[in-house]
Amino acid sequence: MLQIDSKKSGAELISIKLDGKEKLHQGNLFWNRHAPVLFPIVGQIKEGRTIIYGKEYQMSQHGFARDMEFEEIEKSNLKHKYLLKSNEETLKKYPFLFELYITHIVEDNTLITEYEVINKDNKKMLFGLGGHPAFLCDYSSGDYEIEFDEKEENIEFLKLENGLLSNNRFENIMNNNKIRLHENIFDEDAIIMKNINSKIVSLINSKTNKKVLDFDFTGFPYLAIWSKKGAPFVCIEPWFNTADKVDSDGIFENKENILTLNPNEKFNCKYKVKFYD
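Here our numbering runs 394 ahead of the position in the sequence shown, where the first position is 1.
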C-alpha cells in the first residue's frame, strides 16, 4: 500500500512510501525540493520579465506557486487537497484572479496528482502549468533507463541555452525506444521532449530488468527529465508549456502552447505514477 505525506507550502508532496520504502527524493544539498508545482509559468521567461496585456511583470523560474502557502482543504490517508487563491502578492507578479487546486490521491500502489485552475477574473486568463516530481534513482550508475510505451518516430529533443529554449535541437538520444540514463546525461540541463506518441514512460533498472515506476502523462504535450550531476534522483516532469525561446518577443500571449481560460472556466489535468517494489 502506498503512503504519502505533503505540506501546505506549495502543496508539495514530501514523501511517497510503498510498503515503508521511500520513493521520493527527500531534499538535500543537490536540490532542496521534492515535487513542486510549476505555475503560472514553466521554466524561465526571458530576462525574468514578460508583457501581459500591455504591462510588464516579473517572475522567477517556474513561477511563484511552488513557494506559496496553500489552504488545506482535505487531508486523509488517501487524499490530500490544497487551494491557492490569487491575492495581493500574486497580483504584483501576475494580473489574474484565479484558484489553483492541487489534489494528491492514493489508489493501491498508484499516486494521482490532479490540478484544477479556475479563472475567477472578468478577462481571459493566460497561464503555464507543469509538474516536477523527483524520484529516488541512482541514475549515475548507468543501470537505469526511461522506456516509452509507443513507437517514437517524430519525437523532438529541445535544447536549453542559459535556461531559454535554443533554436538548435538536441540529437535524438533514443535507442530501441529507450533513453539510457548515465552520469553525464544532464550536463546541458534538462532533456525536454515534444511530439511524443507515448502516454506512459517507465523507469526501469536495466541491470535487474525490473520496473521502478510507470509514469502516465496523458494530455501533456511536453515531457522533461532532469537531475543534478551525481544526485540520487531523477525528475520526470509533465509540462503544458516551456521556457521562453532565446529570441522571444517577451509577450506572454505569444508563448508556445500557452493555456487560456475564459472567465469562470476551469482547466483540469492529472498525472499518475504506479510504483513497483
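Note that these hints are calculated values from the structure, not bench results. Among the hints, a few may not be true.
Claimed, not checked - Here are the computed lysine-lysine pairs in the PhoX-like style, where the Cα-Cα straight-line distance is at most 25 Å: (1) Lys517 / Lys660; (2) Lys517 / Lys593; (3) Lys518 / Lys479; (4) Lys469 / Lys449.
As the list claims (entries may be wrong) - Pair by pair, the computed Cβ-Cβ distance ranges are: (5) Lys415 / Glu483: 34 to 40 Å; (6) Phe424 / Ile445: 31 to 37 Å; (7) Pro615 / Ser535: 29 to 35 Å; (8) Asn548 / Leu485: 38 to 44 Å; (9) Asn471 / Gly613: 23 to 29 Å; (10) Asn562 / Asn648: 19 to 25 Å; (11) Lys604 / Glu483: 42 to 48 Å; (12) Glu650 / Asn603: 17 to 23 Å; (13) Glu465 / Lys601: 41 to 47 Å.
For glycine and all other residues, C-beta sits at the position ideal for the given N, C-alpha and C.
- Which hint numbers does the structure go against, in order from smallest to largest? 2, 4, 12
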